[in-house]
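Residue-level listing of the chains:
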Amino acid sequence: MNIIVCIKQVPDTAEIRINPETNTLMREGVPSIINPFDLHAIEAGIKIREQLGGKVTVLTMGPPQAETSLREAISMGADEAVLLSDRAFAGSDTWATSYTLAKAIKKLGADIIFCGKQAIDGDTAQVGPETAEFLDVPHISYIRKIAEVKDNYLRVERLMDEGYDIVESSLPVLLTVVRELNQPRLPSLKGKMSAKKAEIRKMGMADIGADENSLGLKGSPTQVKNIFAPEVKAERKMIEGTPEEQVDNLIKELKEIKCV
Amino acid sequence: MPVIVNNEKCTGCETCLSSCPFDAIVLKDGKAYINEYCNACMTCLSVCPEGAITETGARTQGAELKQKLEEYKDVLIFAEQKDGRVVSVSFELLGAGKRLADELGTKLMAVLLGAGEPEARELIKWGADKVIVCSDPELEKFNDDVYSEVLSRIINEQKPTIVLAGATPIGRSFIPRVAAKLRTGLTADCTSLEIDKETKHLLQVRPAFGGNIMATILCPDYRPQMATVRPRVMKRGEYNAGRTGEIVSVNFENIKSRTKVIEFIKEVSEVSVNLHEADIIVAGGRGIGGEKGYKMLSELAEAMGGAVGASRAAVDEGWIPYSHQVGQTGKTVNPKIYVACGISGAVQHLVGMQSSDVIIAINKNTEAPIFNVATYGIVGDLFEIVPLLTRKIREVKNL
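Protein sequences, first through last, are from chains P and H. Okay, so the first sequence: first residue is 0 according to numbering that gives the first Met the number 0, each after it adds one. Okay, so the second sequence: first residue is 0 according to numbering that gives the first Met the number 0, each after it adds one.
The set of hints was computed from the structure by calculation and includes no laboratory data. As the structure is a prediction and not an experimental result, all values here were calculated from the model. Worth double-checking, as some hints may not be accurate.
List time: in silico BS3-like cross-link candidates among lysine-lysine, alpha-carbon distance up to 30 Å [to be verified]: (1) P:Lys-236 to H:Lys-234; (2) P:Lys-224 to H:Lys-199; (3) P:Lys-54 to P:Lys-105; (4) P:Lys-224 to H:Lys-158.
Here are some, though not all, of the chain P residues that point toward chain H, as calculated from beta-carbon distances under 10 Å [stated by the list, open to error]: (5) Pro-10; (6) Asp-110; (7) Ala-124; (8) Pro-186; (9) Lys-217; (10) Asn-225; (11) Glu-252.
Okay, the calculated beta carbon distance ranges per label pair [stated by the list, open to error]: (12) H:Glu-139 to P:Ser-193: 19 to 29 Å; (13) H:Tyr-36 to P:Glu-147: 34 to 44 Å; (14) P:Lys-106 to H:Glu-252: 29 to 39 Å; (15) P:Ser-31 to H:Asn-155: 35 to 45 Å; (16) H:Pro-136 to P:Lys-54: 24 to 34 Å.
Glycine included, C-beta positions come from ideal geometry on N, C-alpha and C.
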């Protein structure tokens, strides 16, 4: 079984702070991590390999320093790692990112492709399904359980509102996974050793045979027009005093608007 | 990088450094240097007093392309159904779509898959001018392959300039496939949609970067302009029982699916029902400090007769289960009262709760952004305030 897990290195958005004067991000000291949903995707890939044999390749598109995330995935148990990095990829939106990933996956070959449901920096959840479309393979989103995997068949549970679907598919297939699927393992000592020594395969525009006009900013249909700070609600009332007074006054306010 | 600094013109004045929303410009050897964090927002281009920053891969938009864009006219919404009934977000999309269509002076279309004409007529009463309905029983149950193929074919025929869909599990799963097929842009989870007065392009606003800032997204050179909208973000339009419109039935052949839904198993978590239906939600964030804090919030929620919510930080720490999470990656709620305890208020959380009628924020940090959306703000130690509030509410209610 050839398994490819697509991962993304993201800033830990919980640690991001905003400069209150300029309303811009402050990156200093913000750690880069593997997108949390992708950890579950890596775990799912390793589990299937342990069951059926084969190979788990982690794939990421990003700047050269994304290599640290690939090594982390190897320390968890992935066999190989591929870094898609090229200046031509810069400024990609979800369309161009998916196109690029699909080009690389076609080159590498896969029976099952795993992605996290979404990345915590963009939160679009678009790259998985779009990549599947470019690969011309089916996809199933929000996988919470993998019930059965065979040579040319799998059955999974897809998390929906108010329940779950039992879905079957032929292979190859792309699956996006949710947290409920599994508990990602921690790197083993042996894994850490292999991660140190592992050779990271690097691929650029020419290696994946991509059309330059479909890459990066040039290939991206969407553009960021501007960035701004969220609005402030006008009628806010700060309640001061000792904790006792604050609580009393709050209850008084709530009584007035008939909320208690 | 998408933008480049001309080193001869750059004086190293650092003006661009503080203008960059992504902190992607640094000073290297006395010159501005744009690193890999660049998101191509082009903010720096206009602030540089020397005009030293320019776009590298200039976007080309030929006359031919422009003419092609003009073929795309109407606004189209995807009306999602479940068990044959149109789901709520579809009416909200009709509200938003009608406003955009009126502004553009075009028609509002709706696509309804797997339901019948009575439902199509409802869509007209809620604002659609034309409903394209495909009542094939194969479409009653959602399927990514089939839905994306059918919707793409309809879009290719109808050529709408804007396509809106609900950011529901179904919409978020198959709409990206449609965008990929059509070679066009898609913006997820928009919180505001407006038409640019000059260019007539769709201005799509969404929280970006973990929801810490807002971004306006454009899709100027491709059509249709596609966006998803979360449930309960847009307002429904006006219902008019006497409204008439056109209903077109269509059928498609040769659509194959490689996946098959064998069974749907209903499993409604009590938490999720409670959060959506609750009049009062007491939610905790990083400030609650641990599982003990969760217990304290549960007591307040019980006293107030409400449900317990959580921010992503509290869920990531493992203090409160994910089913309680409110925000961009959790649930969107709009209760009468939302009590935010120890929640700093990243936009990622705010988008899921800011339409609540009354927001009470309790936080020890005066600067916490949660106070910006609060109706009542209390700066203080929540471990003092919350138990006190619980006790006093019980007294008031005579519990």
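Hint check:
no.: 1; hint: P:Lys-236 to H:Lys-234; result: 27 Å, holds
no.: 2; hint: P:Lys-224 to H:Lys-199; result: 14 Å, holds
no.: 3; hint: P:Lys-54 to P:Lys-105; result: 16 Å, holds
no.: 4; hint: P:Lys-224 to H:Lys-158; result: 24 Å, holds
no.: 5; hint: Pro-10; result: 8 Å, holds
no.: 6; hint: Asp-110; result: 14 Å, violated
no.: 7; hint: Ala-124; result: 5 Å, holds
no.: 8; hint: Pro-186; result: 19 Å, violated
no.: 9; hint: Lys-217; result: 4 Å, holds
no.: 10; hint: Asn-225; result: 5 Å, holds
no.: 11; hint: Glu-252; result: 6 Å, holds
no.: 12; hint: H:Glu-139 to P:Ser-193: 19 to 29 Å; result: 50 Å, violated
no.: 13; hint: H:Tyr-36 to P:Glu-147: 34 to 44 Å; result: 42 Å, holds
no.: 14; hint: P:Lys-106 to H:Glu-252: 29 to 39 Å; result: 35 Å, holds
no.: 15; hint: P:Ser-31 to H:Asn-155: 35 to 45 Å; result: 41 Å, holds
no.: 16; hint: H:Pro-136 to P:Lys-54: 24 to 34 Å; result: 42 Å, violated
The structure does not agree with the numbered hints 6, 8, 12 and 16 stated previously, though it agrees with the rest.
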